[in-house]
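Number of protein chains: 2
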Amino acid sequence: MSTHAPPRRHALSPLFTPSSVAVIGASSDPDRIGGRVLRFLIESGFKGQLHPVNRSGATEIQGLKAYAHMSDVPGQVDQAIVLTPVNGVEAAVRDSIAKGVECVLILTAGFAEIGAEGRALQDRLRDMCRAAGVRMVGPNSLGILNLANRYFATFSTVLYGLQPQLGRIALATQSGAFGSCAYGMASLRGMGFSQIVATGNEADVDVAECIDYFADDPDTDVICAALESCRDGHRLRAALLKAAHAGKPVLVMKVGRTELGAAAASTHTGSLAGNDAAFDTVFAECGAMRPDSIEAMLDIAYFISVTGQLPVNEDMGVVTGSGGIGVLMADHAGEWGISMSPLSASGQEAALALLPFAVAANPLDMTAQVTSVPGGVGRTIEVMLQHGQYGTVMAYLAHSGLAPSRFAPTLAQLRDLRARYPEKNLVLVMLSTPEVDQQLAQIGIPCFGDPTRAMAALAGAVRIAQRRQNLYALPQSPAPAAASLGDVSTEALAKQALGEAGLPMLRERLCANATAAAEAARELGFPLVAKIASPDILHKTEVGGVMLNLQDEQAVRDAFSTLMQRARDAMPHARLDGVLLAPMVKGGVEAILGVQVDPTFGPLILFGAGGTAVELYRDVALASAPLNPTRARALIEQVHASALLKGWRGAQALDLNALVNALCALSDFAWQHAHELDSIDINPMVVMAQGAVCLDAVITRKVAP
Amino acid sequence: MSTHAPPRRHALSPLFTPSSVAVIGASSDPDRIGGRVLRFLIESGFKGQLHPVNRSGATEIQGLKAYAHMSDVPGQVDQAIVLTPVNGVEAAVRDSIAKGVECVLILTAGFAEIGAEGRALQDRLRDMCRAAGVRMVGPNSLGILNLANRYFATFSTVLYGLQPQLGRIALATQSGAFGSCAYGMASLRGMGFSQIVATGNEADVDVAECIDYFADDPDTDVICAALESCRDGHRLRAALLKAAHAGKPVLVMKVGRTELGAAAASTHTGSLAGNDAAFDTVFAECGAMRPDSIEAMLDIAYFISVTGQLPVNEDMGVVTGSGGIGVLMADHAGEWGISMSPLSASGQEAALALLPFAVAANPLDMTAQVTSVPGGVGRTIEVMLQHGQYGTVMAYLAHSGLAPSRFAPTLAQLRDLRARYPEKNLVLVMLSTPEVDQQLAQIGIPCFGDPTRAMAALAGAVRIAQRRQNLYALPQSPAPAAASLGDVSTEALAKQALGEAGLPMLRERLCANATAAAEAARELGFPLVAKIASPDILHKTEVGGVMLNLQDEQAVRDAFSTLMQRARDAMPHARLDGVLLAPMVKGGVEAILGVQVDPTFGPLILFGAGGTAVELYRDVALASAPLNPTRARALIEQVHASALLKGWRGAQALDLNALVNALCALSDFAWQHAHELDSIDINPMVVMAQGAVCLDAVITRKVAP
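Chains A and B are the protein sequences, given in the same order.
4 is the number of the first residue of the first sequence in our numbering; add one for each residue after it.
4 is the number of the first residue of the second sequence in our numbering; add one for each residue after it.
Please note that the accuracy of each hint is not assured.
Here are some chain B residues pointing at chain A (derived, C-beta under 10 Å) [unchecked claim]:
#1 Gly-259
#2 Pro-454
#3 Ala-677
BS3-like, lysine-lysine: derived pairs with alpha carbons at most 27 Å apart [claimed, not checked]:
#4 Lys-589/B x Lys-589/A
#5 Lys-68/A x Lys-102/A
#6 Lys-50/A x Lys-68/A
#7 Lys-543/A x Lys-589/A
#8 Lys-50/A x Lys-102/A
#9 Lys-543/A x Lys-589/B
#10 Lys-102/B x Lys-50/B
#11 Lys-705/B x Lys-543/B
#12 Lys-649/B x Lys-589/B
#13 Lys-68/B x Lys-50/B
#14 Lys-649/A x Lys-543/A
#15 Lys-543/B x Lys-649/A
#16 Lys-649/B x Lys-543/A
#17 Lys-705/B x Lys-649/B
#18 Lys-50/B x Lys-589/A
Think of the hints as simulated: they come from the structure by calculation, not from any bench.
Ideal Cβ placement from N, Cα and C applies to all residues, glycine included.
Just chain A, with the same shape it has in the complex (with noise of 0.2 Å):
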């Protein structure tokens, strides 16, 4: 893992390393929570200056010297920690700019998440943090951790049962709970953290800052991070981006994924879900990881801070005593995306020379004939690592782990395996204890009980890595502001405004009466599709608004009549212009190329195939705006049906460019007028053996707010 080294301090250096700390609403009692904040601080071990702050008017409190006001503290104070009851935390932080911190961490809760007068409140002390310099975290925050010094700012009842423990793991949430339930499930497992801060409701610092110092800070190596909102699309992009490229992996949690969750994350904070679809993109271009649950994180976590490094390729060797485990390890290879390249022949014979009953293949069967080969487990694991290019070795050793004395000279082979193959890594599942776990995490293995929990954290290791090879290009500024829309009302000005940005446009007129109709079905040629022509009607298939193959001039004729008396039938008010002519477009495949501009990460371009299947089975994929015509394929490519395209069961492979093209100029449309859109909906359009056309197109530009 790089260590990258920050270039000046951090806005957020105040946060996670002070030097001097005064504890407004300290309490004596060290079970309550104002006392209990002091208490761990205390009983950290924290190396920096700790004030506690208490209008009672006590001298000590806790064995400290205590103070009536922030004023009477002498010396520089860094960080003002606020505990009292909500109605003086104003107070506490007038006194703390007063005083000259840099920043204040507020616990106290009953602001924004109880209604609008908290709120309201919580808006006034963002506005004097903001006017004085100071940054803030919370309200409602549960607290920062800080390993590496021993600062521990919190009141959490779970460090009465669990001792932090440090390790190169930071943690960033949103809410506290969420952060408890991590926080406990790692340490009940022996993982440590460098940094947990618990955001709360961000008045101030979010999440996406803290993950953006998080990626400087070189105690470290991984960042986890747990949001339920976000406020600033481009800040989180940015930060999960200086990630990636500082070599630390990202594991985001974000709740609200199926409907079932969005309703309840709508009942929970009063806000609605935003597109949940639109967080997995950002996160996928952006080189970050999103686990399915909280020990699913910790496992990618644990995986990769342990290895110290992401899969070199997503080739693995399996080395088992056990047939069937090794099939289970295959089955979840196939189903996650992990390749297992066969033995080659001199690393078949090199495991037959070694274990001659050994089924010498990829799984690599040691069969028990292992344990009466001196030192076997390590020379088979050897044979994988060094035949073949896998870059990562998993071995199945049964309980091997419960016996640490009969482990040790395993142990010590493979101690001299890793420092022999740095560039592979190595992972064993078996049964062991805490103790043996921890032996081989300090040589960099890491160790997993279940088969399949070993094969979900690989596979979260190679998504990562997978991702960093085609990070997000960050634009500099969130959206533009640049040229106006226009009228874009209607399926005519929809394609003409398209047509002009570079999409590919049929001929077509849109004609007022019959005889204008006949005139200009001469002149396109026949057949023709006529449609309706109406800024009011929106879905002219459910109207009865289109009618296809019109083989002559009579044709068109009558069907102009039939389609606005369709259209007078159905929607009687409805403004008509007339019907538009177009040539019929035959054979093809169908595709969707849309845009959906997110309140929070801006235009996002979406692409499906395949007519039907796009609905039925939500085969569509999304990608950031801007794209460039690599990302474009990427973003076909991300989509099942794009298989239709490329030459289905013989059929002839379809202009992939033309499609390349439309989503890029799609794409280059929804940038420069991100701020008036709300969506495009490209629907269909076909792609030809030469060329593609948009069919139909409807544009929706944003509601006034």
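Given chain A, work out where chain B should sit, using these hints.
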């Protein structure tokens, strides 16, 4: 869990509950394999008689009187455990039979798993036992553990580190290594077992028969199983159904799920992987659940074994002290088919009366306020139990379980609630000590540290309950051998056979020359489709062998010549019967109906819909024959694209009855001809607003062995 009392002694009783046991090949060294079995049997406190047998002539082994030969052992011996080297096994079995044992447990390896010679020896052993009416487990078995009567007949070193604990979960596994792994993982988390058996090479007793035994076993509530293969599909189905009817959930793992896994399995066992989807189908139909991992299997087993009952419905109420964790649970509910009905008005009222700041919804967020209300947690949980029809109430209690004494009052409340709402399941998610977990288990409340794993276990239990509603009715015999299939080698013959079986066919004519074709066309009317007819051309489109939309006699004449010429060009040696003429079908939705006669499970009916989507998304489902209309409808429901048949986006609903009838007719046909059939492929069948029609059909026969 109902405890189904066995009407008579089960054939496998002597295996699990012997009174007198001989250990042939027993050694004095308690750490060698031959000595380890005896050591475990002595240390376990097995109450039956133990007779070490070793031809060395030692008169005492590990403190027990020893015998040189089986015939020297006094009195009746129920079971012989065979541990001799492979070349002594045949004699040991012969002597055991002569002594009058009821069963032999062969732990020695080196039989079918190492090649033809070993297989021949194994077959001889099996034949000897069969002839004598003696049951045999193994060879290459890792042994048996019966926790209830402390019968530990195994040499697995996993027992060194982990003492077996008594529980109500039974485990039957082919692979000993798989069993050791599951046993070890379970033991490390404090889970106990009633029985464990490793069936090894399964020359006689297989996993299916052990499931059958456990279904009767009064010590067992939940059955776990692990298969690598299945020799007798009928027996497996029967055992799974017996367990389901006895109210005992079966969790069964089968490796070789993905292509990569199947490839690894084939290297491992040397046999071709069966159709994995067939196992999925059979498990679902027979009320079993197939977990994704060993840990997931243990989680579900723990869940059900502790609650003692399956959830009465799939509805869940959530009580939480953290909004974020509640949303995470709701996310998983949405993903895994758990519903979360809103909290009723009365429930909201009750919640707010207790906790005015609570988010009185589902999830019910107690907020920090709960800590200031005496008995607040228990009382909030009762609100959820009392109001609403939630079959399961899940409560997230952070790390409360890490402080047993502080948790004691809540535990007392929970005990009371469990007694007062016995039909509802209560599940806790919190960090806890093993002590607290055990106390909760004793009152029927499972407790998980990770919210996701709690939800996955609940989803597994709900799935089993749902599957029990629609159990497969096992036919008397596995597959009949009735009417002869006759010649079905061409499309015309296949269609004729299927048409006679009741599948809807078009009026079609096979025409030997162009003139006959023109004549047939006049009779059939236009438009028509013409297809090449040849027993040697199965994939007609690939040779250009289909022409659509022929409008008149001349077009039909031309098509005849064109098709014959194309066929001659593409496959010069193909026998050509002429051209098949059929009316052109327009509209409707394409479906695929198929039959696969699985070597293990007999005829399975396949259904898919929507053309290319079938292949692109593998959107198909299987069901065991014979089908009835209810099961045919359920099969259709499993296919995502069936939405297209039911009036997709305002389109007309299609004739599902015709489809159901076709599936049943196909199933009957397959059932009757199972002994001769390999597969049937009806692709496409077109389902219309009225009726349905098969447009193409291929029948392949079983290749004679």
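Evaluation of the provided hints:
no. : hint                  : verdict
1   : Gly-259               : 6 Å, holds
2   : Pro-454               : 7 Å, holds
3   : Ala-677               : 29 Å, violated
4   : Lys-589/B x Lys-589/A : 17 Å, holds
5   : Lys-68/A x Lys-102/A  : 18 Å, holds
6   : Lys-50/A x Lys-68/A   : 16 Å, holds
7   : Lys-543/A x Lys-589/A : 20 Å, holds
8   : Lys-50/A x Lys-102/A  : 21 Å, holds
9   : Lys-543/A x Lys-589/B : 23 Å, holds
10  : Lys-102/B x Lys-50/B  : 21 Å, holds
11  : Lys-705/B x Lys-543/B : 22 Å, holds
12  : Lys-649/B x Lys-589/B : 18 Å, holds
13  : Lys-68/B x Lys-50/B   : 16 Å, holds
14  : Lys-649/A x Lys-543/A : 31 Å, violated
15  : Lys-543/B x Lys-649/A : 22 Å, holds
16  : Lys-649/B x Lys-543/A : 22 Å, holds
17  : Lys-705/B x Lys-649/B : 36 Å, violated
18  : Lys-50/B x Lys-589/A  : 83 Å, violated
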